[in-house]
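Chains as they are written, first to last, in our numbering: chain E, 1 to 429; chain U, 1 to 429.
FYI, nobody ran anything at the bench for these hints, they're computed from the structure. A hint or two may mislead.
One copy or any two copies: either way a pair holds, since identical chains are not told apart in the list.
Stated by the list, open to error - Simulated pairs of lysine-lysine, DSSO-like, Cα-Cα distance not exceeding 27 Å: (1) Lys53 <-> Lys275; (2) Lys286 <-> Lys89; (3) Lys399 <-> Lys242; (4) Lys275 <-> Lys173; (5) Lys2 <-> Lys88; (6) Lys88 <-> Lys42; (7) Lys399 <-> Lys286; (8) Lys242 <-> Lys37; (9) Lys2 <-> Lys242; (10) Lys56 <-> Lys107; (11) Lys173 <-> Lys399; (12) Lys89 <-> Lys107; (13) Lys37 <-> Lys218; (14) Lys89 <-> Lys399; (15) Lys107 <-> Lys242; (16) Lys2 <-> Lys48; (17) Lys42 <-> Lys56; (18) Lys151 <-> Lys107; (19) Lys88 <-> Lys107; (20) Lys42 <-> Lys260; (21) Lys151 <-> Lys275; (22) Lys146 <-> Lys107; (23) Lys37 <-> Lys146; (24) Lys2 <-> Lys146; (25) Lys88 <-> Lys399; (26) Lys116 <-> Lys146; (27) Lys151 <-> Lys218; (28) Lys146 <-> Lys242.
Given the structure is predicted, the values throughout are model-derived calculations rather than measurements.
There are 2 protein chains.
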Amino acid sequence: MKILTGSFEALTNQVTKREQQAASRPEVEAAVQDIIKNVREKGDVALKEYSAKFDKTQVDEFRVSDATIEAGYNACSEELLTALRLAKKNITSYHEQEVSRGFIDAKQPGVIRGQKLTPLAAAGLYVPGGTAAYPSTIMMAAIPAKIAGVKNIVMVTPPQPEGINPAVLAAAKLAGVDAVYQIGGAQAIAALAFGTESIPRVDKIMGPGNIFVATAKKQVFGQVAIDMIAGPSEIGVIADEKANARQLAADLLSQAEHDKFARPMLVTPSLDVAKAVSAEIERQLKTLPREEIARASVNNEGFIAITKDLDQAFDLMNLIAPEHLEVQVDEPITYLNRIQNAGSVFLGRTASEPLGDYVAGPNHILPTAGTARFFSPLGVEDFVKRIQFVQYTQPALEKVASAITTLARTEGLEAHARAIESRFEADAK
Amino acid sequence: MKILTGSFEALTNQVTKREQQAASRPEVEAAVQDIIKNVREKGDVALKEYSAKFDKTQVDEFRVSDATIEAGYNACSEELLTALRLAKKNITSYHEQEVSRGFIDAKQPGVIRGQKLTPLAAAGLYVPGGTAAYPSTIMMAAIPAKIAGVKNIVMVTPPQPEGINPAVLAAAKLAGVDAVYQIGGAQAIAALAFGTESIPRVDKIMGPGNIFVATAKKQVFGQVAIDMIAGPSEIGVIADEKANARQLAADLLSQAEHDKFARPMLVTPSLDVAKAVSAEIERQLKTLPREEIARASVNNEGFIAITKDLDQAFDLMNLIAPEHLEVQVDEPITYLNRIQNAGSVFLGRTASEPLGDYVAGPNHILPTAGTARFFSPLGVEDFVKRIQFVQYTQPALEKVASAITTLARTEGLEAHARAIESRFEADAK
Numbered sequence: 001m002k003i004l005t006g007s008f009e010a011l012t013n014q015v016t017k018r019e020q021q022a023a024s025r026p027e028v029e030a031a032v033q034d035i036i037k038n039v040r041e042k043g044d045v046a047l048k049e050y051s052a053k054f055d056k057t058q059v060d061e062f063r064v065s066d067a068t069i070e071a072g073y074n075a076c077s078e079e080l081l082t083a084l085r086l087a088k089k090n091i092t093s094y095h096e097q098e099v100s101r102g103f104i105d106a107k108q109p110g111v112i113r114g115q116k117l118t119p120l121a122a123a124g125l126y127v128p129g130g131t132a133a134y135p136s137t138i139m140m141a142a143i144p145a146k147i148a149g150v151k152n153i154v155m156v157t158p159p160q161p162e163g164i165n166p167a168v169l170a171a172a173k174l175a176g177v178d179a180v181y182q183i184g185g186a187q188a189i190a191a192l193a194f195g196t197e198s199i200p201r202v203d204k205i206m207g208p209g210n211i212f213v214a215t216a217k218k219q220v221f222g223q224v225a226i227d228m229i230a231g232p233s234e235i236g237v238i239a240d241e242k243a244n245a246r247q248l249a250a251d252l253l254s255q256a257e258h259d260k261f262a263r264p265m266l267v268t269p270s271l272d273v274a275k276a277v278s279a280e281i282e283r284q285l286k287t288l289p290r291e292e293i294a295r296a297s298v299n300n301e302g303f304i305a306i307t308k309d310l311d312q313a314f315d316l317m318n319l320i321a322p323e324h325l326e327v328q329v330d331e332p333i334t335y336l337n338r339i340q341n342a343g344s345v346f347l348g349r350t351a352s353e354p355l356g357d358y359v360a361g362p363n364h365i366l367p368t369a370g371t372a373r374f375f376s377p378l379g380v381e382d383f384v385k386r387i388q389f390v391q392y393t394q395p396a397l398e399k400v401a402s403a404i405t406t407l408a409r410t411e412g413l414e415a416h417a418r419a420i421e422s423r424f425e426a427d428a429k
Numbered sequence: 001m002k003i004l005t006g007s008f009e010a011l012t013n014q015v016t017k018r019e020q021q022a023a024s025r026p027e028v029e030a031a032v033q034d035i036i037k038n039v040r041e042k043g044d045v046a047l048k049e050y051s052a053k054f055d056k057t058q059v060d061e062f063r064v065s066d067a068t069i070e071a072g073y074n075a076c077s078e079e080l081l082t083a084l085r086l087a088k089k090n091i092t093s094y095h096e097q098e099v100s101r102g103f104i105d106a107k108q109p110g111v112i113r114g115q116k117l118t119p120l121a122a123a124g125l126y127v128p129g130g131t132a133a134y135p136s137t138i139m140m141a142a143i144p145a146k147i148a149g150v151k152n153i154v155m156v157t158p159p160q161p162e163g164i165n166p167a168v169l170a171a172a173k174l175a176g177v178d179a180v181y182q183i184g185g186a187q188a189i190a191a192l193a194f195g196t197e198s199i200p201r202v203d204k205i206m207g208p209g210n211i212f213v214a215t216a217k218k219q220v221f222g223q224v225a226i227d228m229i230a231g232p233s234e235i236g237v238i239a240d241e242k243a244n245a246r247q248l249a250a251d252l253l254s255q256a257e258h259d260k261f262a263r264p265m266l267v268t269p270s271l272d273v274a275k276a277v278s279a280e281i282e283r284q285l286k287t288l289p290r291e292e293i294a295r296a297s298v299n300n301e302g303f304i305a306i307t308k309d310l311d312q313a314f315d316l317m318n319l320i321a322p323e324h325l326e327v328q329v330d331e332p333i334t335y336l337n338r339i340q341n342a343g344s345v346f347l348g349r350t351a352s353e354p355l356g357d358y359v360a361g362p363n364h365i366l367p368t369a370g371t372a373r374f375f376s377p378l379g380v381e382d383f384v385k386r387i388q389f390v391q392y393t394q395p396a397l398e399k400v401a402s403a404i405t406t407l408a409r410t411e412g413l414e415a416h417a418r419a420i421e422s423r424f425e426a427d428a429k
């Protein structure tokens, strides 16, 4: 992996220029617009046509039966089910701690103010077909929705001649998904956004997908809420001179294997560690099943930056704002206050990133491409909306009435002022 | 205002067909793309060119000096400043109750899990020029950002030959805005998203604007966070048979005067109330300074729906999901549990909607066009991001290692499994 040296400014310029990749292309935009329009107008009929055309599958019934889900679950090994159950337990106990409760405030005489939290009524989860169907991601999306109190969690996934992956069905069952529909692509997003005869309209759509799915999500945004549009995976590692090169290399490769555009990054003050990790990466790459993908990621996207000291390593990492951040130093928790921008942080030499992908409990649906500057991991709050409320007695309103009418008239909004004054006029119907 | 009657289904079909208006047009998209590209490449030079071209103003210095802000503040009447101070006090005390604190969880042996909340580093607030420059909106946007701990709150507003509205400068000073820049339009959004020599890059851009501003916000989304793209104002009123027609009409008109496309809505089981309110609206319209705007809103967008009973009125309103909701009944707080979708709720006969626009404290930047189904009022959480963290001892990792490797290999991610296994191999550099 290439080793970068130089001043902090030079390093910064080299590593922070990457941006969120464009999520779409004009011809895709137009095709997706067309699909959405057709699904809105023709409902299930359009969905069947698109399934035949894009997925080469004739679908008679979109809803996957309980019996099929049960059969998928039973087809999984006990070893896999045990792992999924452990994941569920820890994801649940982590995310339960995110629950907020709203408030009610009666501190001013005659005034009640408050905020109530209400779960979204329905959430939709897109699960890609084939090898990109990750059971772990179903758990990560559905469990926080369940904890938030979402009553209707629906999953859509492309129809497949050989049937849906049993691990996916098992994860859906365990995570508490309420209904699974076999429909994919932009047409699935349109169905979730607007509803059809078979598929219910939802309030929020989550989950990864190809360029058609991502473009459709962008197009329906506003009509429905969406989760972030995630880019290729990233791992940033901050390591001191004692770091274990073999383990660091293995962690960097765990993200490199996801995608040719994944970004493995090591920042360390130790040139020795840098060289050792670089050599280890070459050694370990050779035996990886996904060597080609990982090698492209390492060669084109990855880097090792040498900083003056550990402190500067944190400064650089905060500018990068990585999706995953490993802190491979002694007493790692003492550095927590140095971390300003990152999605999910792994503290200490034992906390290898894949721990967080599966069973630790924190979410693995995370902001990428520097967006951890302002976006957060998926969590319970993504499935809750806040409703404000206020109640005033007549004497309480009287105390603030002149402030309201002054501000309203300053802004040229006379009817606003008169609405308040109507409360103090002789009563009339 | 038109009175709708009929079955619940008939009413639903008539009142829920409205959708978020398209935020843009192709020729605007292209023009805005061009502006953003130029600002990224040429920075301040481009900003000056656009200010000359669009705002007919030659700007030498974008930053508005402290002396100018102070002079604006001093130009305001004591009455206005007192009203702004009251607004600040109540907005602050309301939003302080929204602060969340993250958590740390050490319940499993050898495992630390947690979440830390970090404020965004910088937030940008767009304030339109002319009559649409609302000092109240500056308070509503900047105060929650301040409470969240945002260190750099910057405001941009179009340069104006006669100088910036003193009430706007006073609100900026009182709300804790850190810097004001005179720059407007899509070029201001581009400057906030990417930074120029004079104007700092921010992490989130808020605030209303014309179609160029809204389009620019959509185009830079992802590069930076944005608040919602708000549509025309809405007020929904649920009223029983005892409601005061004069007051209801005044409240409905307070939102109608905002915009020809604003939507005043009354839902009541009482035909008598409906008729009385309709007559009152006609009477009050005649003396409103903004009569033309309010009349267009009332005639084209407004309605009164007659429901079977109060319960059905709540059902209908939940389907509409109005930005503002008044509950004009006895014991209004007992109906709080019936409200599923609304931005800000005003309970009882005294709680006239403009109370919430200015001094009650809840935010007035709210979801419109039915998006209260899934979006929330602006609040402290909009200026905070969550960072997850996890730490495991070696024995704690050992307990979950086989679950991780099982799941990783099920998903075809061998390097993920090997990263975990590297923690249990003979140590090697």
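Results for each hint:
Within a single copy, Lys53 and Lys275 get their C-alpha atoms no closer than 51 Å, and across copies no closer than 55 Å, so neither meets the 27 Å cut-off. With identical chains, the CA atoms of Lys286 and Lys89 are never at most 27 Å apart, being 36 Å at best within one copy and 64 Å at best between copies. For the identical chains of this complex, Lys399 and Lys242 are inter-copy neighbours only, at 25 Å across copies versus 66 Å inside a copy, given an alpha-carbon limit of 27 Å. For the identical chains of this complex, Lys275 and Lys173 are neighbours neither inside a copy (46 Å) nor across copies (53 Å), given an alpha-carbon limit of 27 Å.
For the identical chains of this complex, Lys2 and Lys88 are neighbours neither inside a copy (39 Å) nor across copies (53 Å), given an alpha-carbon limit of 27 Å. Neither within a single protomer nor between protomers do Lys88 and Lys42 lie at most 27 Å apart by alpha-carbon distance, with minima of 38 Å and 51 Å respectively. Within a single copy, Lys399 and Lys286 get their C-alpha atoms no closer than 76 Å, and across copies no closer than 29 Å, so neither meets the 27 Å cut-off. Taking CA atoms no more than 27 Å apart as the test, Lys242 paired with Lys37 passes in neither setting, with 58 Å inside one copy and 45 Å between copies.
Only within a single protomer do Lys2 and Lys242 lie at most 27 Å apart by alpha-carbon distance; the minimum there is 21 Å, versus 76 Å between protomers. Taking the shortest Cα distances, Lys56 and Lys107 never come within 27 Å of each other, neither inside one copy (63 Å) nor across copies (50 Å). In the homo-oligomer, the alpha carbons of Lys173 and Lys399 lie at most 27 Å apart only across protomers (25 Å), although the nearest pairing inside one protomer, at 56 Å, exceeds that limit. In this homomeric assembly, Lys89 and Lys107 come within 27 Å of each other (Cα to Cα) only across copies, at 13 Å, whereas the closest approach inside a single copy is 40 Å.
In the homo-oligomer, the alpha carbons of Lys37 and Lys218 lie at most 27 Å apart both inside one protomer (15 Å) and across protomers (21 Å), since each shortest distance falls under that limit. Within a single copy, Lys89 and Lys399 get their C-alpha atoms only as close as 52 Å, which misses the 27 Å cut-off; across copies the closest is 14 Å, which meets it. Proximity of Lys107 to Lys242 under the C-alpha cut-off of 27 Å is found in neither arrangement, the shortest distances being 55 Å within a copy and 29 Å between copies. Taking identical chains as interchangeable, the C-alpha atoms of Lys2 and Lys48 are never at most 27 Å apart, the minima being 49 Å within one chain and 41 Å between chains.
Only within a single protomer do Lys42 and Lys56 lie at most 27 Å apart by alpha-carbon distance; the minimum there is 20 Å, versus 50 Å between protomers. In this homomeric assembly, Lys151 and Lys107 never come within 27 Å of each other (Cα to Cα): the closest approach is 34 Å inside a single copy and 29 Å across copies. In this assembly of identical chains, the alpha carbons of Lys88 and Lys107 lie at most 27 Å apart only when taken from different copies (16 Å versus 41 Å within one copy). Taking the shortest alpha-carbon separations for Lys42 and Lys260, neither the intra-copy value of 39 Å nor the inter-copy value of 33 Å comes in at or below 27 Å.
Taking CA atoms no more than 27 Å apart as the test, Lys151 paired with Lys275 passes in neither setting, with 53 Å inside one copy and 39 Å between copies. With identical chains, the CA atoms of Lys146 and Lys107 are at most 27 Å apart between copies only, with a shortest distance of 22 Å across copies and 34 Å within one. Within a single copy, Lys37 and Lys146 get their C-alpha atoms no closer than 31 Å, and across copies no closer than 43 Å, so neither meets the 27 Å cut-off. Proximity of Lys2 and Lys146 under a CA criterion of 27 Å is satisfied in neither setting, with 44 Å inside one chain copy and 42 Å between copies.
Taking the shortest alpha-carbon separations for Lys88 and Lys399, only the inter-copy value of 16 Å comes in at or below 27 Å, while the best intra-copy value is 53 Å. Proximity of Lys116 and Lys146 under a CA criterion of 27 Å is satisfied in both settings, with 18 Å inside one chain copy and 23 Å between copies. Within a single copy, Lys151 and Lys218 get their C-alpha atoms as close as 25 Å, which meets the 27 Å cut-off; across copies the closest is 31 Å, which misses it. For the homomeric pair Lys146 and Lys242, neither the shortest alpha-carbon distance inside one copy (42 Å) nor that between copies (41 Å) is at most 27 Å.
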